[in-house]
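Novice: In case you want the letters, here they are:
Protein chains: 2
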Amino acid sequence: MSDSSGSVLLTDWYQLTMLQAYFDEGMAETAVFECFVRSLPPGRDFLIAAGLEQLLQYVETLRFTPLELDWLAGQHRFKPAFLDYLRDFRFCGDIDAMPEGTLFYPNEPILRVTAPIAQAQLIESRLINLVHFQTVVASKAVRCALAAPGKRLVDFGFRRTHGGEAGLMAARACYLAGYDGTATVQAGMRFGIPVFGTMAHSYVEAHATEVEAFEHFARSQPDNVVLLIDTYDTEAAARKVAALAPRLAQQGIRIGSVRLDSGDLAAHARAVRAILDAAGQQGIGIFCSGNLDEDELRCLLAAGAPIDGFGVGTRVDTACDSPYLDCVYKLQEYAGTARRKRSTGKATWPGRKQVYRCYAADGRFDHDVVALLDEPPPAGEPLLQSCMRQGQRVGAAVTLAQSRDHVAAQLRRLPATRPYRVEISPALQDLAQQLDREEH
Amino acid sequence: MSDSSGSVLLTDWYQLTMLQAYFDEGMAETAVFECFVRSLPPGRDFLIAAGLEQLLQYVETLRFTPLELDWLAGQHRFKPAFLDYLRDFRFCGDIDAMPEGTLFYPNEPILRVTAPIAQAQLIESRLINLVHFQTVVASKAVRCALAAPGKRLVDFGFRRTHGGEAGLMAARACYLAGYDGTATVQAGMRFGIPVFGTMAHSYVEAHATEVEAFEHFARSQPDNVVLLIDTYDTEAAARKVAALAPRLAQQGIRIGSVRLDSGDLAAHARAVRAILDAAGQQGIGIFCSGNLDEDELRCLLAAGAPIDGFGVGTRVDTACDSPYLDCVYKLQEYAGTARRKRSTGKATWPGRKQVYRCYAADGRFDHDVVALLDEPPPAGEPLLQSCMRQGQRVGAAVTLAQSRDHVAAQLRRLPATRPYRVEISPALQDLAQQLDREEH
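Chains A and B supply the protein sequences, listed in that same order.
Under this note's numbering, residues 948 to 1387 are what the first sequence spells out, in order.
Under this note's numbering, residues 948 to 1387 are what the second sequence spells out, in order.
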């Protein structure tokens, strides 16, 4: 597909019709929207905020191109004066957000946009689209990192992610969450993520024999020999590797590891380990892949399977047990007045808010407080930080490596008990009750 | 994110290291790969092939850019002669595929690539990435079309799809499957899909009263007035709409419909219908959204809820019950010899194959036969058709509208019994057994 990842038309039609209405009415006061997740899906104790960098890039470069304006004009739904106004449309608002990699909980704003209402409104769809998905994947991938400490974890999921951008963002989110790298080449080029690879069954099958395939591959990639051994018979292939290793060693080529991709991985890993060890090849590692997720990793390691690393793909990159979060972006204030949606099951906490994290004496998370920005700040570390003012970035640039370290540091401070307590400040509760008494 | 949707580096690292090895070994014979899905996920009786158009665009334009080659050179893993070879790398192979919109079943090849092995190998990752996701969504979305015949169905899912490309491809796959349109503006511009929209809660909240919001919006978009009525109190808002409608009618503005987005949709729809009807507003339709999927649609309609259309989003666009398929692309022949992977649980049917669909006397699907391409063709309609020869498209261009009609026509011929029978021809079974006896 040709490019559209930066297109302003990656939005919902109603954003444009609402913009036309705001334009017609002359409604241009400041709106405050906040982005949050309403609830934790089953199997998640916390979530990880991700995707802010892509969001900031999007709002910085947001423009209607002449081609897009022509197309919109051709829909005969917008007035010429409004289309003229779109021609010069820019995002000039403020954004405050939790830094990428921050652990968060339901109903905590992770991002606040303060801007003239049309600007804050238009970006809603793509804002959620960018922040939601990386948050979904990082919050799943971190569970693999927690399940397999000290093991190499590589994102193998590109092919079954939901499109090209999904593949890139999944690689980024997995690395943020603690993976060692990805197989997706473009993610390496784009984000500087370490790239790993092995070989495919097709490579083995294209050769007359497995040994020939192994030997040719090792000669071609002598610095990174990972041999896939489950194409025909895993243990038979392991014996071939054990016999080949000394021969390659004489040529100065070391086999790094073998990969298992099917069958009972724990049983195969044990059998292969025994074969390699018996041949004096303790240095060859065992790398596993195939339908893995945090539960499978935990089972394999609990069973004592001698596995050194994992290629984790589809199940994490699609977050298959919870492929979406109830992630929303809601108007909390307009023209200086707090606003509250009261729809059944979807009521929001009104006003501009801040999240304060309180730590226990041992340094672990104790609880969070969601409070109004303008009330006397409660104890705790404020989590939302300014990152954009009047459309310009503020604060020091944050690298992906720094965000990854931020995740790792918080994982050492995870609370010992669950569920985690998130308090709503009394002033915020009062404001909500007060708004509920108003007529609309 | 800046563009990368056409990048050749949207691939796995091992494709490049295998290409280097093929290059070193002088392996350039013709390979035949086929793409298929190993099994139906729960809750699917059939799948719908989709994404072929995007795949053909990708292979037609596949190039290594100077920037990409520089980056690869900087990884110090590839030899200069190989990088030179990549500079002129093009896809010059053949592709045969089921036309988009074709219903298919497990283990049936939906696409065959015949090309020098490096070309067929390199495209694997992005090929699956492009074909898999649209197939996932079309196969889910068609269930909504079947559950709600005659109702307007609009894709509302962009914001929670897995990235921008996912949003566009989901909109396309839903339309292919039978939806009436999408809310995603770029999908309208790109694919010519009809675009629909309503209004958001934020629009209502930004106004002092609901009536003011409704009236302003109607004036601004007089040709397409859909009013969202669940921001505060659904039935109260319905009464306001009933009172507003005659006033707007005097100005020549007709309210098209109201939208419900929360609570017990069936109960609210009934109450709202009664309020509108009592006010003589039988012409105002009821449109519903909010966490819908085929099961919810079926329940609402079975309960007789007076709903005229649905905005279906997240649950279908992420295919939340089965967000991925076991979709693979496997080497079936190299240098004129059939190949077969034998990994536990992942064995493949070898050789170049064709799928034949056999119909019953009443025109319905009866069963399919998977056979070798070079055996005497069994009865039935061959489903894979040539679409590319030596890198050039062949055959008439197929429009998205034609593919959508193709889906609709097949839905009228769905088999009455399940599971559907897919036969493997005796010659194909013989070939597989013969390969299993070979040593590797």
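A hint or two may mislead.
Remember, identical chains collapse to one label, so a pair may be satisfied in a single copy or spanning two.
As the list claims (entries may be wrong) - Below, computed lysine to aspartate or glutamate pairings styled on DMTMM-like, alpha-carbon distance capped at 20 angstroms: (1) K1026 with D1170; (2) K1293 with D1180; (3) K1293 with E1243; (4) K1293 with D1211; (5) K1026 with E1370; (6) K1098 with D1127; (7) K1026 with E1162; (8) K1293 with E1159; (9) K1293 with E1182; (10) K1293 with D1377; (11) K1293 with D1255.
Think of the hints as simulated: they come from the structure by calculation, not from any bench.
Novice: Evaluate each hint against the coordinates.
Specialist: So, going through the hints one by one against the coordinates:
1. K1026 with D1170: Result: close only across copies, 13 angstroms inter versus 63 angstroms intra.
2. K1293 with D1180: Between copies only: 12 angstroms across chains, 55 angstroms inside a chain, cut-off 20 angstroms.
3. K1293 with E1243: between (35 angstroms within a copy, 18 angstroms between copies)
4. K1293 with D1211: between (45 angstroms within a copy, 13 angstroms between copies)
5. K1026 with E1370: Neither: 47 angstroms inside a copy, 59 angstroms across copies.
6. K1098 with D1127: Within one copy only: 9 angstroms inside, 48 angstroms across.
7. K1026 with E1162: between (68 angstroms within a copy, 18 angstroms between copies)
8. K1293 with E1159: neither (62 angstroms within a copy, 23 angstroms between copies)
9. K1293 with E1182: This pair counts as between: shortest inter-copy Cα distance 17 angstroms, intra-copy 56 angstroms.
10. K1293 with D1377: within (18 angstroms within a copy, 60 angstroms between copies)
11. K1293 with D1255: neither (45 angstroms within a copy, 23 angstroms between copies)
The structure fails to meet hints 5, 8, 11 from the earlier list, while all remaining hints are met.
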